[in-house]
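Work the whole structure out from these sequences, hints included.
2 protein chains.
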Amino acid sequence: MTLQNLTLKRGNGLNLYRQLVGELERAIKAGDLKDGERLPSERQLAAQLGLSRTTVVSSYRELESRGLVRGHVGRGTFVCASSEAIDAPFAWRGKVSAETALLNNSPAAHDLLRHSANPDLISFASLMPALECFPTNEYRRAVDQVIKSHSTEGFGVGPTEGQPKLRRLLARRFRVKPEQVLIVSGAQQGLDLVARCLLDPGDAVIIDRPGYIGAIQNFRAAGAKLIGWDVMRSDLGELEDLILRYRPKLICTNPTFQNPTGRTLPLTQRQELLALAARYRVPVIEDDPYRDTALTVTPPPALFQLDTSNTVISLGTFSKTLAPGLRLGWLLASEYVVDQLALIKGRQILFSGGLEQLALAELLENGTYDSHLVRLRAQHMERWNVMKRALEQHMPVRAVAFSFPLGGLHLWCRLQNGVASAQLFRLSLSKGVALVSGEVFYADSGAGRHEFRLCFTSVPAGKIEVGIKRLAEAVQAAESDSSRRQNSFVPLV
Amino acid sequence: MTLQNLTLKRGNGLNLYRQLVGELERAIKAGDLKDGERLPSERQLAAQLGLSRTTVVSSYRELESRGLVRGHVGRGTFVCASSEAIDAPFAWRGKVSAETALLNNSPAAHDLLRHSANPDLISFASLMPALECFPTNEYRRAVDQVIKSHSTEGFGVGPTEGQPKLRRLLARRFRVKPEQVLIVSGAQQGLDLVARCLLDPGDAVIIDRPGYIGAIQNFRAAGAKLIGWDVMRSDLGELEDLILRYRPKLICTNPTFQNPTGRTLPLTQRQELLALAARYRVPVIEDDPYRDTALTVTPPPALFQLDTSNTVISLGTFSKTLAPGLRLGWLLASEYVVDQLALIKGRQILFSGGLEQLALAELLENGTYDSHLVRLRAQHMERWNVMKRALEQHMPVRAVAFSFPLGGLHLWCRLQNGVASAQLFRLSLSKGVALVSGEVFYADSGAGRHEFRLCFTSVPAGKIEVGIKRLAEAVQAAESDSSRRQNSFVPLV
Numbered sequence: 001m002t003l004q005n006l007t008l009k010r011g012n013g014l015n016l017y018r019q020l021v022g023e024l025e026r027a028i029k030a031g032d033l034k035d036g037e038r039l040p041s042e043r044q045l046a047a048q049l050g051l052s053r054t055t056v057v058s059s060y061r062e063l064e065s066r067g068l069v070r071g072h073v074g075r076g077t078f079v080c081a082s083s084e085a086i087d088a089p090f091a092w093r094g095k096v097s098a099e100t101a102l103l104n105n106s107p108a109a110h111d112l113l114r115h116s117a118n119p120d121l122i123s124f125a126s127l128m129p130a131l132e133c134f135p136t137n138e139y140r141r142a143v144d145q146v147i148k149s150h151s152t153e154g155f156g157v158g159p160t161e162g163q164p165k166l167r168r169l170l171a172r173r174f175r176v177k178p179e180q181v182l183i184v185s186g187a188q189q190g191l192d193l194v195a196r197c198l199l200d201p202g203d204a205v206i207i208d209r210p211g212y213i214g215a216i217q218n219f220r221a222a223g224a225k226l227i228g229w230d231v232m233r234s235d236l237g238e239l240e241d242l243i244l245r246y247r248p249k250l251i252c253t254n255p256t257f258q259n260p261t262g263r264t265l266p267l268t269q270r271q272e273l274l275a276l277a278a279r280y281r282v283p284v285i286e287d288d289p290y291r292d293t294a295l296t297v298t299p300p301p302a303l304f305q306l307d308t309s310n311t312v313i314s315l316g317t318f319s320k321t322l323a324p325g326l327r328l329g330w331l332l333a334s335e336y337v338v339d340q341l342a343l344i345k346g347r348q349i350l351f352s353g354g355l356e357q358l359a360l361a362e363l364l365e366n367g368t369y370d371s372h373l374v375r376l377r378a379q380h381m382e383r384w385n386v387m388k389r390a391l392e393q394h395m396p397v398r399a400v401a402f403s404f405p406l407g408g409l410h411l412w413c414r415l416q417n418g419v420a421s422a423q424l425f426r427l428s429l430s431k432g433v434a435l436v437s438g439e440v441f442y443a444d445s446g447a448g449r450h451e452f453r454l455c456f457t458s459v460p461a462g463k464i465e466v467g468i469k470r471l472a473e474a475v476q477a478a479e480s481d482s483s484r485r486q487n488s489f490v491p492l493v
Numbered sequence: 001m002t003l004q005n006l007t008l009k010r011g012n013g014l015n016l017y018r019q020l021v022g023e024l025e026r027a028i029k030a031g032d033l034k035d036g037e038r039l040p041s042e043r044q045l046a047a048q049l050g051l052s053r054t055t056v057v058s059s060y061r062e063l064e065s066r067g068l069v070r071g072h073v074g075r076g077t078f079v080c081a082s083s084e085a086i087d088a089p090f091a092w093r094g095k096v097s098a099e100t101a102l103l104n105n106s107p108a109a110h111d112l113l114r115h116s117a118n119p120d121l122i123s124f125a126s127l128m129p130a131l132e133c134f135p136t137n138e139y140r141r142a143v144d145q146v147i148k149s150h151s152t153e154g155f156g157v158g159p160t161e162g163q164p165k166l167r168r169l170l171a172r173r174f175r176v177k178p179e180q181v182l183i184v185s186g187a188q189q190g191l192d193l194v195a196r197c198l199l200d201p202g203d204a205v206i207i208d209r210p211g212y213i214g215a216i217q218n219f220r221a222a223g224a225k226l227i228g229w230d231v232m233r234s235d236l237g238e239l240e241d242l243i244l245r246y247r248p249k250l251i252c253t254n255p256t257f258q259n260p261t262g263r264t265l266p267l268t269q270r271q272e273l274l275a276l277a278a279r280y281r282v283p284v285i286e287d288d289p290y291r292d293t294a295l296t297v298t299p300p301p302a303l304f305q306l307d308t309s310n311t312v313i314s315l316g317t318f319s320k321t322l323a324p325g326l327r328l329g330w331l332l333a334s335e336y337v338v339d340q341l342a343l344i345k346g347r348q349i350l351f352s353g354g355l356e357q358l359a360l361a362e363l364l365e366n367g368t369y370d371s372h373l374v375r376l377r378a379q380h381m382e383r384w385n386v387m388k389r390a391l392e393q394h395m396p397v398r399a400v401a402f403s404f405p406l407g408g409l410h411l412w413c414r415l416q417n418g419v420a421s422a423q424l425f426r427l428s429l430s431k432g433v434a435l436v437s438g439e440v441f442y443a444d445s446g447a448g449r450h451e452f453r454l455c456f457t458s459v460p461a462g463k464i465e466v467g468i469k470r471l472a473e474a475v476q477a478a479e480s481d482s483s484r485r486q487n488s489f490v491p492l493v
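Chains as they are written, first to last, in our numbering: chain A, 1 to 493; chain B, 1 to 493.
Heads up, none of these hints are tricks.
A pair counts as met if it fits within one copy or between any two copies, since identical chains are not told apart.
When the alpha-carbon atoms are kept at most 30 Å apart in a straight line, the in silico DSS-like pairs for lysine-lysine are as follows:
{"no.": "1", "residue 1": "Lys463", "residue 2": "Lys165"}
{"no.": "2", "residue 1": "Lys165", "residue 2": "Lys148"}
{"no.": "3", "residue 1": "Lys431", "residue 2": "Lys165"}
{"no.": "4", "residue 1": "Lys463", "residue 2": "Lys148"}
{"no.": "5", "residue 1": "Lys388", "residue 2": "Lys463"}
{"no.": "6", "residue 1": "Lys431", "residue 2": "Lys463"}
{"no.": "7", "residue 1": "Lys9", "residue 2": "Lys34"}
{"no.": "8", "residue 1": "Lys469", "residue 2": "Lys431"}
{"no.": "9", "residue 1": "Lys165", "residue 2": "Lys177"}
{"no.": "10", "residue 1": "Lys469", "residue 2": "Lys388"}
Calculated from the structure, these hints are not laboratory results.
In structure tokens form, the structure reads like this:
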């Protein structure tokens, strides 16, 4: 068949559009219209068949959506039957949303989690507390208790805001009303809810620079423009300038044992930051997962506690003191904000697991959590000392500068001799040790190329030295590699 | 002070903008500029002070953002110092995103969860299995086992895709590769991830009409245009017309013991639906939470099993067979789709709780889950019978039409005599019984006004009759109420 002898039946109830699509489809499948062949122009075919041009345009589009033809602007419409047959594997790649296509191209945090799932590695990558301190027996007893006596609350449909008992206990701990506490499935969910609740695409957000990857990814996913506030300088004049210049929708900061730098914002600067937030009416998200991991110092009060203008939303978690696998954290805010966030949380996951919430409430109520914090602190202090000694002993001289904050779960490190941390990351991994390379903590690409982060709490003391030796070897290898490469670029004058 | 004698200092490094803002702020706070007073026009003030108009415009905007003045288009800028002092409660209502402001106005599912948290009620509202059948002892043993011997996997940072053991067991169950299984924190999370992954704002989505509230809310939150496909007719010609007319980005359907109607799509129609999806290249989301709740019938194979074109994403859950409080479900799809969704899940909650996943894997592996399903079925069958008898015995004659599907957790009911289900909902609640009024299952407002849903599985047999008696009284009250109201509208001819 050529299209010359194509005819359509006319009459009541006969749909010309469907007939045309059917005829063309048949012709392509039968091979009468060959792969690569050009179809007549829409105007031509409309005239030939006595159809409206719209009918022909729609038919061509229909065939295109079935993958049978492909239109090229200015060149016409071509048969492409063989390349995309109707039973070919479904072309999912073409189906994802614009946002997904854009964001899923830099899956940094995801890779991080993948590496840390490999048990043969000594991993200083993920920020985990000493899981060996987890109060296993007390938790078993608490879980058992819940299963036996609160199974309906624990296993049934629970309130989106969280189990009333857990909210009550956290409210007492932080001296707020229970209605100001929202239970979240990890602090990361809190960030996600805040982003969804407050941000419209294009809004500016001021974040720590460098800062938490999860926050960067989340605000980016909400379509925000990220403005970095230099964490090490913590200059309030700079912050005011950024506020005036970008009119941010929110400020997100981790003021205590900051991830990744370990810096803690002093009291005066906390007060100034809050004064700026109140004056310019900018909400502050206080990401505060490390407060309870202080070693020998007491950090200044949380922004949420200092705030008198109702400007702060604070995020906390049990992931850094008990175990990340529990997926339990909390958010403190005004009742209105908690209500709004709960509605969004409901659409996403309905509610958080009941059993863990009730078991955790038990641990808070019977004092296990607080006595655990004391034991944990001692264990972390020991690992901190072991790591410091190992670094001093094994690292090549003047190769790396370290910060040793007296709290948090991590050290922040800077390679001194032009070695790239991405290169160190690869070399370390090949020697069986993992770290996080600095770039992922910067929203602006190109920064952080000589920095990296080490977790000092998750690896048992006995293994820390082995890990640091491997790391020191990797640093050495990277340095000689990088100086070799520099040499090879010396111009032959 | 009036603005007549306002002067600014000039010189190197002196910022005129900041000075002007400061002076105006001081004047307002000192009461020199009174509440409600109109400021000079921007042009006037610029001329008076020898400033650029931009400087004055920026200053007024600055004061507005601090709540000190308010601009009214065409009328000028007015002082509003007293109404919004700088230490007034933060105006959160003005801070939420456009999406949040729009969506949080109809919190249907949220209210539903709130009601069901009240323990004094006999609730036929939430769809829960008979929690009394939960294999408590086996679950306690499994949890104990995990805490004792797999604490690092259970409590540490886990893979976003889910615990390998659970993925492997589910993969074996559904005859797919483990890489095609994504563990989710409840099927609702699966819907949320799919919406975020595939939908751009403005995309059309074909959904069941009536259909699951959570799906409606989720797709709406993604900015989708919802197109209802009539579930009771299940007309494939209609579906093709909708596809051709709206070019949907996806079709989301619950083909087995559908929520809320209880309808199960027959095999032939499943095949036709898949043929349409393949032909028009439209992804199909098969929401399939009720498959394992069949009573005396075996439902046709799942769309995912019948599919040969890799078009289907299938969602399952342990919420309807074990307990919703576990927050565990799964998603089956092609590896590419699982990868994409996992990246999004990582940004939202990093990963799902480890303990529940490993305990569940244990229950699947040692056969507890399957023997539980047999016991659950028997218990559900008994409750089904008790409810059917109670309805036949107590309901006013010809007041309500019921569907009694042999599976799922719910009955679908239609009020026959013009009674509004919202009215019945209120009356029932006052008598201590909860149901779900039909409107929430329709994306188009106005529909479902005489329909409601009853869960027959969650209330123990002994309480079902009490609940149904209360419901019958509520129906009777609603009928007389509605006929009274109709009478009062009879025109006095």
